[in-house]
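**Q** The hints should help you fit chain B onto chain A, whose structure is shown.
Going down the list, the protein sequences come from chains A and B. Start counting at 1 in the first sequence, then tack on 10, and there's your number in this note's numbering. Start counting at 1 in the second sequence, then tack on 10, and there's your number in this note's numbering.
Keep in mind that the hints were calculated from the coordinates and are not lab data. Being a predicted model, the structure only gives us computed values, none of them experimental. We put the beta carbon where it would ideally sit given N, CA and C, even for glycine. Fair warning: there could be bad hints in the mix.
Unchecked claim - Here chain A is said to cover these stretches of chain B; the calculated rule only asks that three of the stretch's residues, wherever they fall, bring their Cβ under 8 Å from a Cβ of chain A: (1) 14-22; (2) 102-115.
What the hints assert, rightly or not - Here are the simulated EDC-like cross-link-like pairs (lysine to aspartate or glutamate), alpha carbons at most 20 Å apart as the crow flies: (3) A/Lys89 to A/Glu126; (4) A/Lys135 to A/Glu193; (5) A/Lys16 to B/Glu133; (6) B/Lys135 to B/Asp26; (7) A/Lys16 to B/Asp128; (8) B/Lys135 to A/Glu177; (9) A/Lys191 to A/Asp48; (10) B/Lys16 to A/Asp48; (11) A/Lys43 to A/Asp59; (12) A/Lys16 to B/Glu130; (13) B/Lys16 to A/Glu130; (14) B/Lys16 to A/Glu133; (15) B/Lys16 to B/Asp60; (16) A/Lys43 to A/Glu177; (17) B/Lys98 to B/Asp172; (18) B/Lys16 to A/Asp128; (19) B/Lys16 to A/Asp21; (20) A/Lys135 to A/Glu187; (21) A/Lys135 to B/Asp26; (22) B/Lys135 to A/Asp21; (23) A/Lys135 to B/Asp21; (24) A/Lys16 to B/Glu126; (25) A/Lys16 to B/Asp106; (26) A/Lys98 to A/Asp68; (27) B/Lys16 to B/Asp68; (28) B/Lys43 to B/Asp60; (29) A/Lys16 to A/Asp68; (30) B/Lys183 to B/Asp196.
Unchecked claim - Distance ranges between label pairs, derived from CB positions: (31) A/Asp68 to B/Val129: 23 to 31 Å; (32) B/Leu62 to A/Pro72: 31 to 39 Å; (33) B/Arg199 to A/Pro14: 19 to 27 Å; (34) B/Asp106 to A/Tyr173: 50 to 58 Å; (35) A/Gly170 to B/Val194: 33 to 41 Å; (36) B/Ile35 to A/Pro14: 25 to 33 Å; (37) B/Asp196 to A/Lys43: 19 to 27 Å; (38) B/Arg54 to A/Gly170: 51 to 59 Å; (39) A/Lys191 to B/Gly44: 50 to 58 Å.
There are 2 protein chains.
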Amino acid sequence: MNTPLKSIVTDFSLIDGLSQSRPAIRRTLSAMKGMYADQSAFERDLARDDRLVYEYFDMGVPHSEKEVAYGTSIVYPGKVGSEYHMTKGHFHTVIDTTEVYFCLRGHGMLMMENPEGDVEVRELKPGFAVYVPPRYAHRSINVSSTEQLVTFFAFPAHAGHDYGTIETKGFRKIVVERDGKPEVVDNPRWMS
Amino acid sequence: MNTPLKSIVTDFSLIDGLSQSRPAIRRTLSAMKGMYADQSAFERDLARDDRLVYEYFDMGVPHSEKEVAYGTSIVYPGKVGSEYHMTKGHFHTVIDTTEVYFCLRGHGMLMMENPEGDVEVRELKPGFAVYVPPRYAHRSINVSSTEQLVTFFAFPAHAGHDYGTIETKGFRKIVVERDGKPEVVDNPRWMS
Numbered sequence: 011m012n013t014p015l016k017s018i019v020t021d022f023s024l025i026d027g028l029s030q031s032r033p034a035i036r037r038t039l040s041a042m043k044g045m046y047a048d049q050s051a052f053e054r055d056l057a058r059d060d061r062l063v064y065e066y067f068d069m070g071v072p073h074s075e076k077e078v079a080y081g082t083s084i085v086y087p088g089k090v091g092s093e094y095h096m097t098k099g100h101f102h103t104v105i106d107t108t109e110v111y112f113c114l115r116g117h118g119m120l121m122m123e124n125p126e127g128d129v130e131v132r133e134l135k136p137g138f139a140v141y142v143p144p145r146y147a148h149r150s151i152n153v154s155s156t157e158q159l160v161t162f163f164a165f166p167a168h169a170g171h172d173y174g175t176i177e178t179k180g181f182r183k184i185v186v187e188r189d190g191k192p193e194v195v196d197n198p199r200w201m202s
Numbered sequence: 011m012n013t014p015l016k017s018i019v020t021d022f023s024l025i026d027g028l029s030q031s032r033p034a035i036r037r038t039l040s041a042m043k044g045m046y047a048d049q050s051a052f053e054r055d056l057a058r059d060d061r062l063v064y065e066y067f068d069m070g071v072p073h074s075e076k077e078v079a080y081g082t083s084i085v086y087p088g089k090v091g092s093e094y095h096m097t098k099g100h101f102h103t104v105i106d107t108t109e110v111y112f113c114l115r116g117h118g119m120l121m122m123e124n125p126e127g128d129v130e131v132r133e134l135k136p137g138f139a140v141y142v143p144p145r146y147a148h149r150s151i152n153v154s155s156t157e158q159l160v161t162f163f164a165f166p167a168h169a170g171h172d173y174g175t176i177e178t179k180g181f182r183k184i185v186v187e188r189d190g191k192p193e194v195v196d197n198p199r200w201m202s
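Next up, chain A with everything else stripped away, as it sits in the complex:
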C-alpha cells in the first residue's frame, strides 16, 4: 500500500520574503561575475565586500509537469556602477515553459528576452503579477534605492533552469540609473 502524499506548509514573510522554516539560496556579488556592464566597478565593490545581492527559495518539488515549483525571490537594493542589483536571469531548459511573478513589495523591473531578440520589460510593483511568455529568459531587477524587491514566483516544475546562455551572452538590454531614474539601455557587453 502506498503512503498518501502529504501537503506542505511554508511561511514566506509578506514583509521581507524570507522563511523561518526553510533555507534560502543566497547569491552574493561574487556569483555575478561577468554579468554587470561596469567590470571595474564590480571588482572594486567585490574587493570591499562580497555583499548579498539576492536570495530565493527552491522548494524541491518533483521535476514533473504535474507539479508547480514556487517560492519567493528577494533582490536587495544596490547598484554596481549605475546598474541596479538583479538576479542572474535564466531561460527555462524546457524553453517554452512560462512563469508568473507576483510582486509583494518594492519596485522593480522584469527583463525578458527571447532567442530571436524580442525584448519585454515590465514593472514590478506590489500587487502586480507579470506572466513571462514561453521562450523568454527573465531577470528581476531592483530599481529602488532603499527597499528589497520581493516577488512570489510559480512555474511548471519540469521547466528546469538554463543559466549558461545568459552567463555567456548576457541580456541585450540592461537597466541603469540615469538622473536618479531607471532607464533601459543596450548592454555594451552583450554578445550575439
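**A** Frame of chain A, contents of chain B only:
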C-alpha cells in the same frame, strides 16, 4: 514569421485580492446549493439574499502543461448555519496535478481529500503557502467572522477542474464553528 508572444501584467490588490483590470468569477449562495450540511439554514439564507460567497480569477492561460494558471481567490466571511463560507472545491481533471495557495490576508483552512479518503487540513494565514499534493481535492474555507480570505494560487494549466465529484459526494469533513472556534467534523451529508 510568428508574432512574438507578449508578457501579461495584471493587478491583484494585496488588500482585497481584486483586480481593477480583470473581471472576477463570482459565486453567490445559489451556486452552492446542496453543498452545506444545514439545508434549511441554506434555504433560509438564500430566501433573504443571494449573497456573494467567493470570487476568483481565471486568467485564461492556454491549457498546456508548459503554462501555469494563476490568480487570486477571495472568500468572504459568513456562515450557513454553523458552517463557514467556503469554495465549492474540486479535484483536478488530471488528478495528480498539484496546486499552491499563498495566503495574503485573513484566516482560513484548506480542506484536502484524496479518493482513498485520506484527509489533510491546513491553516491559511497571511504569509503561509500550502502545497496541495497530487490527487487531493481542495477547498478554501474562511474561518474569520470579519475578514475576507485572500489567496494567490498557481497550478499547472492543463490540470482542469472536476467540480462534479465534490458536488455529488461532498467532502468527508467540514469545518463548523463550535464555541466560537473552527472545528473539523464529519460531514453528515457525505455520500460514499
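**Q** Which of the listed hints are not met by the structure?
**A** Hint check: 3, 8, 10, 15, 19, 34, 37 fail, others pass.
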